[in-house]
Amino acid sequence: MLSIPHAWHAHYVFLVIGLAALLMASNRVRYDMIAIAVVLALMLGGVLSVQESLAGFGNPVVVLIGALLIVGEMLDRTGVARFVGDWIGRHSHSSTNKLLIMLMLASAILSAVMSSTAVVAIFIPIVMRIAKQTGNSASQLLLPMSYAALVSGMLTLIATPPNLVISGELSAQGYEPLRFFTFTLPGLVVLGGLMLYMLLVGRKWLPNNGKAEHQSAQRSIKALWDDYRVNRELVYLRIDEESPLHGKTIAQSGLYDNYSLRILDLSQRVRGWRELKAGVSPDIVLHAGDVLHVAIPPEQLAPVESQVMLMPFHPSQLETQYRSWEFGAESVLVHPESKLIGKSVREAKFRDHYGLDVFGVRRNRQSLDDYQNQKLQASDCLLVTGPWAKIMQLQQQNHDFVVLETPAEAADVVPAFRRMPVALAITTFMVLSSVFNWMPLVAAVLISVIVAVITRCLTAADAYRAIHWQSLVLLAGMLPLANALQQTGGTDMIVSSMIGSAGDASPQTLLVLLFAITALLTNILSNTASAVLMAPIAISVAHQLGVSPYPLAMTVLFAASAAFMTPIASPIITLIVEPGKYRFFDFIKLGSPMLVWVFVCCYFLIPFFFPW
Numbered sequence: 128m129l130s131i132p133h134a135w136h137a138h139y140v141f142l143v144i145g146l147a148a149l150l151m152a153s154n155r156v157r158y159d160m161i162a163i164a165v166v167l168a169l170m171l172g173g174v175l176s177v178q179e180s181l182a183g184f185g186n187p188v189v190v191l192i193g194a195l196l197i198v199g200e201m202l203d204r205t206g207v208a209r210f211v212g213d214w215i216g217r218h219s220h221s222s223t224n225k226l227l228i229m230l231m232l233a234s235a236i237l238s239a240v241m242s243s244t245a246v247v248a249i250f251i252p253i254v255m256r257i258a259k260q261t262g263n264s265a266s267q268l269l270l271p272m273s274y275a276a277l278v279s280g281m282l283t284l285i286a287t288p289p290n291l292v293i294s295g296e297l298s299a300q301g302y303e304p305l306r307f308f309t310f311t312l313p314g315l316v317v318l319g320g321l322m323l324y325m326l327l328v329g330r331k332w333l334p335n336n337g338k339a340e341h342q343s344a345q346r347s348i349k350a351l352w353d354d355y356r357v358n359r360e361l362v363y364l365r366i367d368e369e370s371p372l373h374g375k376t377i378a379q380s381g382l383y384d385n386y387s388l389r390i391l392d393l394s395q396r397v398r399g400w401r402e403l404k405a406g407v408s409p410d411i412v413l414h415a416g417d418v419l420h421v422a423i424p425p426e427q428l429a430p431v432e433s434q435v436m437l438m439p440f441h442p443s444q445l446e447t448q449y450r451s452w453e454f455g456a457e458s459v460l461v462h463p464e465s466k467l468i469g470k471s472v473r474e475a476k477f478r479d480h481y482g483l484d485v486f487g488v489r490r491n492r493q494s495l496d497d498y499q500n501q502k503l504q505a506s507d508c509l510l511v512t513g514p515w516a517k518i519m520q521l522q523q524q525n526h527d528f529v530v531l532e533t534p535a536e537a538a539d540v541v542p543a544f545r546r547m548p549v550a551l552a553i554t555t556f557m558v559l560s561s562v563f564n565w566m567p568l569v570a571a572v573l574i575s576v577i578v579a580v581i582t583r584c585l586t587a588a589d590a591y592r593a594i595h596w597q598s599l600v601l602l603a604g605m606l607p608l609a610n611a612l613q614q615t616g617g618t619d620m621i622v623s624s625m626i627g628s629a630g631d632a633s634p635q636t637l638l639v640l641l642f643a644i645t646a647l648l649t650n651i652l653s654n655t656a657s658a659v660l661m662a663p664i665a666i667s668v669a670h671q672l673g674v675s676p677y678p679l680a681m682t683v684l685f686a687a688s689a690a691f692m693t694p695i696a697s698p699i700i701t702l703i704v705e706p707g708k709y710r711f712f713d714f715i716k717l718g719s720p721m722l723v724w725v726f727v728c729c730y731f732l733i734p735f736f737f738p739w
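Quick note: the sequence shown, position 363, residue 490 per my numbering, numbers continuous.
In case anyone wonders, no lab produced these hints; they're calculated from the structure. There's no promise every hint is true.
Derived lysine-lysine pairs resembling DSS-like cross-links, with alpha carbons at most 30 Å apart [to be verified]:
#	residue 1	residue 2
1	Lys349	Lys259
2	Lys517	Lys476
3	Lys517	Lys466
4	Lys259	Lys225
5	Lys225	Lys708
6	Lys708	Lys349
7	Lys225	Lys349
8	Lys517	Lys502
9	Lys716	Lys331
10	Lys502	Lys470
11	Lys502	Lys349
12	Lys502	Lys466
13	Lys502	Lys476
14	Lys476	Lys466
15	Lys708	Lys259
16	Lys517	Lys349
17	Lys375	Lys476
18	Lys225	Lys716
19	Lys716	Lys259
20	Lys470	Lys349
21	Lys331	Lys708
22	Lys349	Lys476
23	Lys331	Lys259
24	Lys517	Lys375
25	Lys225	Lys331
The following label-pair restraints were derived from C-beta to C-beta distances [as the list claims (entries may be wrong)]:
#	residue 1	residue 2	range
26	His218	His670	44 to 54 Å
27	Asn564	Phe210	28 to 38 Å
28	Ala588	Lys502	40 to 50 Å
29	Ala429	Glu532	26 to 36 Å
30	Pro439	Asp497	23 to 33 Å
31	Lys331	Ile411	47 to 57 Å
32	Thr223	Ala429	36 to 46 Å
33	Arg592	Leu312	28 to 38 Å
None of these values were measured; they are calculated from a predicted model. Backbone N, C-alpha and C fix where the C-beta goes; we use that ideal spot for every residue, glycine too.
All chains should be built: construct the whole structure from the sequences, respecting the hints.
Structure, rendered in structure tokens:
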């Protein structure tokens, strides 16, 4: 072990902090490796004991953040975020201003209760799709959306790790920890300012880097249907009030046997709401008013209308929308050793064995007519449709089929869509537990994780994969720095220096100084590292001045989320650089006014909401 004289411990800690900051700023070394090096430096330098150096890995904040990442994965896998994104796409085509507002609100609200990085990652393809549909440039939508995700850190306690670090530091020094909505009101003012800024000024400054390009080489489901000539057979039909189909199951209806009619999905009214059922099973009971999305030979349209009263229907009248993230298609090749060779599609009974329907067969690059009765041959291409879960199961049948083409919509698959209400109930419990202080937040979040796994909102393997271990190691490795600064007197040295340089200045002046230092650190390092370093300093400054620690702690909290000016300061920003084709200067130009706005809010609002 190194023998650092005790008198030099504080200077040694400053040296460790400086070297760690330089390595982080260089962006050449992984942050988690830097954090482990910090732990080793404090341990081997004799500044902290082995237990103290490793205490960060057992810190409740680290456990809490890991559990929150799992909750965010639950919301992703159950389709909550995608549902919101698709809803925005359907309701905002008429106005770019409306689209911007809805994107920023959705991003901020979702990021307030789940990982903001996950929200941005989910929203990027949604925004790209909306931009393509509306003719907007993706670069004019992605940056406002990601800035709103950053501002979410100023809305709730669990929105970003620095908030939990600051709350934990307050608790460790004997003060009341922050509650879930402690700082939501000033945060909403910041969010409102961001939205006005983007609508009135930012839109003019946002780069226009051309219309959104399709980001995937994969083709759409519609393109597959075109290949198999299915689109010419796709229609919507509504069951008339007098139809003999009313009260019969799909199996009893005879629609397939008599009219070669295959149902893609079915819209039924259940308890007053339209419910879309994809990959319908034969035992579903049909009712008058049901809307069927079907493939049917054109010559059979007149017979089904006259004989069983299936009437033409325009899909725009539906109150629900086809969801490609629940129902899909895939092109597969019949394996030369497949047991289906020599059988017709009818004889193969695809729905019985695989839960899927065959909507087309191609042989020698030509779509076959009357393919339901054609004997399958090796290398025939089949277009299969149905629930994505069944399609994924079919991919495992590698002795019978070879997957030829999976459409781009496969990226939108939501594995546990049916459990969305359960996921929302779990999230509500977690939030209410924090708001009303029913139990420690870490206990509420861990209970939420356990219930999510038990109710199959996600699997245990999914939960472990959701944890961003690099971020947790970074946090656990940096947390002992705060303890090292306090034990060696480093915090007192910084506080004395700040108070001495400020002279007889008011606490408001120190608020300005703390904001400037924290904002600088968060824009060149990580927001977590800046919070770990500055939170104990802010609380100690308040103690020395004899004022409440909350105004200065809130200043650090808001400044730590103000990483608007560089693309390397936060993964939230880094994610959008490539799809939005942004340059470094774009963030300086658009981020500088936002940083000033956050400072103005801190200067005037924090003393109002958190008196000295």
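Inset, instruction - Just pull the numbers of the violated hints for me, sorted ascending. - result: The structure breaks none of the hints.
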